[in-house]
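S.K.: One line per chain: the protein sequences are F and B, in this order. In my numbering, each residue carries its 1-based index in the first sequence increased by 18. In my numbering, each residue carries its 1-based index in the second sequence increased by 13.
A couple of the hints might just be wrong.
FRET-style restraints, in silico, Cβ to Cβ [as the list claims (entries may be wrong)]:
hint, chain 1, residue 1, chain 2, residue 2, range
1, B, N259, F, S162, 42 to 50 Å
2, B, Q202, F, R291, 36 to 44 Å
3, F, E393, B, L29, 41 to 49 Å
4, F, V340, B, Q202, 43 to 51 Å
5, B, I315, F, M133, 47 to 55 Å
6, F, D493, B, V149, 45 to 53 Å
Below, simulated SDA-like cross-link-like pairs (lysine to any residue); rule was C-alpha separation at most 25 Å, straight line [what the hints assert, rightly or not]:
hint, chain 1, residue 1, chain 2, residue 2
7, B, K317, B, L280
8, F, K361, B, E160
9, F, K182, F, K352
10, F, K417, B, L205
11, F, K40, F, I69
12, F, K70, F, T95
13, F, K361, B, I138
14, F, K352, F, L311
15, F, K414, B, R216
16, F, K361, B, F323
17, F, K361, F, G301
18, F, K352, B, V326
19, F, K361, B, T334
20, F, K417, B, V326
21, B, K84, B, F323
22, B, K84, F, D296
23, F, K352, B, S203
24, F, K414, B, T20
25, F, K417, B, F332
26, F, K44, F, G87
27, F, K417, B, T334
28, F, K70, F, L311
29, F, K182, F, A159
Just so you know, the hints here were simulated from the structure itself, not pulled from any lab data. The beta carbon of each residue, even a glycine, is placed where N, CA and C say it ideally should be.
For reference, the chains in residue letters:
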Amino acid sequence: MQASSDNILSAVRIDKGFPGTKALDKVDFHLQRGEVHALLGENGAGKSTLIKCLTGAYRRDGGSILLDGVEVDPRDTFDAQRLGIGTVYQEVNLLPNLSVAENLFLGRQPRRFGMVDIRAMNRKARELLSEYELELDVTRALASYSVAIQQVVAIARAVDLSGKVLILDEPTASLDAHEVALLFRIVRRLKARGLGIIFITHFLEQVYEISDRITVLRNGRLVGTRNTADLARRDLVAMMIGRELAAEIHAVHANAAEGEPRYRFRNYGRRGRIDPFDLNVRGGEVVGIAGLLGSGRTETAEVLFGAHRADSGTAEIDGRRVELSSPRAAIRQKFGFCPEDRKTDGIVGDLSVRENIVLALQARRGWTRPISRAEQNRLADLYIRALDIRTADREKPIKLLSGGNQQKAILARWLATEPEFLILDEPTRGIDVGAHAEIVRLIESLREKGMSLIVISSEIEELVAYSTRVIVLRDRAHVAELGGERITAHQIVEAIAAANERRAS
Amino acid sequence: MTSILRTYLARLLPQLIALVAIVIAISMTFPGFLNLDFQNGRLYGSLIDILNRGAPVVLLAIGMTVVIATKGIDLSVGAVMAICGAVAASFITSGHSLFETILITLAVGLLCGMWNGILVAVLDIQPIIATLVLMVAGRGIAQLVTEGAILTFNDPGLIFIGSGSFAGLPMPVVVWLVFGVLVALLVRQSALGMLIEAIGVNRQASTLSGVLTPVLLIAAYMLSGLCAAIAGIIAAADIRGADANNAGLWLELDAILAVVVGGTSLLGGRFSIAASVLGAIIIQAINTGILLSGFPPEFNLIIKAAIVVFILVLQSPRFRTAFAFLAVPGRAAKTTEQEAK
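Can you make the complete structure from the sequences, with help from the hints?
M.R.: And the structure:
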C-alpha cells in the first residue's frame, strides 16, 4: 500500500458482491494529485462497480476510501459530490431542454429576493466556461450543442461542484477525433490545476495519449497499476485479458481436425457490423473467437445466427445452400445461440425456469402444438438435474436465479432443441467459479458428442482449454486463425496485440 | 389437477374479494340489490343488469388483456366499436342478411386490429401512438359510414343480439361468456399464452429464441379488433342504431382499467383473461351500484377513481415490498436484492 501523501484518493481493499458473483475482490486503487489515471479492463472486470463504490452509487461490502487522507463514506452520489468526487458519464446526465447556465447551476441557482437571479446565473456561467476556453451562449438549450460541448459542460459542473476528483466514464465513446482533442485539452488543464482524474475508456490509443498511470482490473480483481510510459501495449493487453494464468494446457483434439467441414460460410458478412469472412466448422469442433471488446465478436455470432441478416456471402450445411435470414430460419437448421447479454437477450425474467427452458423448443413446434405440461416438467427437471441448475423449483421466476444458473437455464433452452450448431457468446461471463467450470466441462462434452460449437470468450486460457481452432478478430474483421499446436495463450495474445499495434500506428 | 385449480383460484382471489365486497356494500345501501326474478323465460335483477350492461367492457377487456400481455396497449377499441356498429347498421339496412352483416362486421374489426398490429410489429411504432391513430381516425371513419346521421335499423335478428335472451340470460351475457371461454381455452390449451407472455416480458430474447414475434403481435391486435367488433355489434343492437359519435366513447379507458384491476401488469407478461373479465364486472358493479344507491352520478367518476387508485397501490412493488412482511417473511427482501443486481 502506498502511503504517499500525494494520494488524493485511496481505495483500500474494496469488496463488493452481488448474489452469485463477487464483483470486486479486495481491490486497491490510488489516485494522485494532478494525474490522469486510466482504469481499464474488459466488460465485467469491475470498473464500473469500483466507480460506483467510490461515488456512493453502490454501498461497498468492505474496505475503506480515503480522500485527502481522511476516511470518507459517501452515502450516495450527492454526498460524494459534496465531498469532492464528481463524475461525468458517457451519456451526459444533464437536462438537454434546459439552458447551459441552468444545467451548470441546477439546484444551486443564485437567488435574489427568493427568485432565481437569471442574470447573475448567466454571468457566472460565462465566467465558469471561460476557464475552459468556451464561448457559449449560455442561455441556449444544452441540446443545441454537440455532445462534446455537453461533455465539457458536464465536466465544468462536476469540477465546480466537487473540485478534487473527477471521474470520466467513457467520455469519448461518441466523440470524433477533433472533439476528443478538445476534451483532452481540458483534461490536461484540470490536471495542471491539481485535480485527480480517473479516465475509463476502451480506446487504448487514448490511454497512451492522456494517462500518466494505468490500473487494470479483471474479474473483479486488481491486476496491477503501472506507469503508462513503462508499459508496452502488448503487456497491457496481456494484463487486460489475463494470460498470466500459466495454464498453457492445450488438449489437442486430434480427431476433430479431420473430416469435411459440415458448415461452410463464404464471404459472409454484413456491412457496418462485420466484414465478410470465411468460416468452416466441422462436426465435433469448437471454434473459439478471441478479440478485444468491439472487435466484432458478437457481430460475428449475430450474423451467423441470422439475428442480423448477412448481406453478403453464402452459407452451406453439408454442401446444401441455406438461407439464415432470421433466428427462426437458423433454428430450423438446428442452430442455437446463447447471447452475451443474458438479461436483455437471454432470459425472459418473469417467466419460470420451466418456461424459459422449453421456450425455444415450443417456438420451433409452433403455437398450435403445445408441449404438454407433463413433458415440460420432464424436460425442465431433466436439465435442472443434468446442468445442476440451482433453483428452489422449476416454477421459480428465472430472474430470481443467480447469473450462473440463468446461463445454465439458457443453455438448457437450446439443448432441449437438440441443436447441431451452437453459438455461445461469453458463456462464462459474470458467473461464479463453480458454474464457470461446469460450463467449460459442458462445452467439452457437447463437442465429444459431435456438436459444432462457436464459443466467444474474453478468457484466453478458457479458449485454449476447449478450442480446436481459434479465430482472432480486430476492427470488425477476422484477422488470424490459430490451430493445433499454435493455440496457446501466448500466441492468441500476440495476435490480438499485434492487431492493436497496427491499428494504433 | 387440483393444485392447478388452486393456483388458478389464488390468482383470482383479490378480484373475487373486491367484487364480493362491492356487492355487499351496494346491497346494504340498496336492499333489493340481490333479488333475482324469473319472468318470460329470462332472469331479471340488478346482478343480471351488471353482467348485461358490462358486456362491451368485458369483451374489450378480453382483447385488451392479450394486447397488454405483449407489453402493448390498444387505445383504438372504442373507435373500432363505433366503426363496427356503423358497418353493421349500414349493411343490415341495405338489405344484407344477418349472417352476412355479422361476418362483414367481424372482418372489419379484424382488419382494424391488423392495421394496429402492423404499425406496432412491422413498423415498430410505440403501441400507444400506433393505436392513437385509429382512435382519432376511427370516429371519422364511422361518421363516414353512417354519413353523419344516427343510422337506425329494425332487423329483429340484430336487435335480438342486444336485447334477446338465451337459456335465461340476456344475449350480451351469453355472447361474452361463450367468447371469453373460447379465447381463454384457445390461449391456454395452445402454446399461445406462454409465447405471448414471453414476448411481453422480453421481446428481444423471445425473437432470438425463435418465437414468431411479429405474427403473434399482429394476432394479438387482431383479437382486440375482433373483440371491439363484437362489442360494437352489441352496443348498436342495444340502441337499435349506430351512433358514430358516442358508441364506445371512452370505453378503451374502462377496458384498460379492467385489465389493470384484473392484475395484469401494463409492463406485459403474465395475464389472466378471467381476472380481466372480473375486473370489467367490478367496474360495472361500481357504476351500477353508485347509480342505485342514489348518489349523484357525478360521484361515480370520483369514487371509481378512488377505488382504482386503491387497487393500484395494492399492486405497486414498493407497497408490496413495504408490507411483504405481512405475507411471506423474507421473500420481499430477496426480490429487491435481485432487482438491485
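S.K.: Check each numbered hint against the structure and report the violated ones by number, ascending.
M.R.: 3, 4, 5, 8, 9, 14, 16, 17, 18, 22, 29
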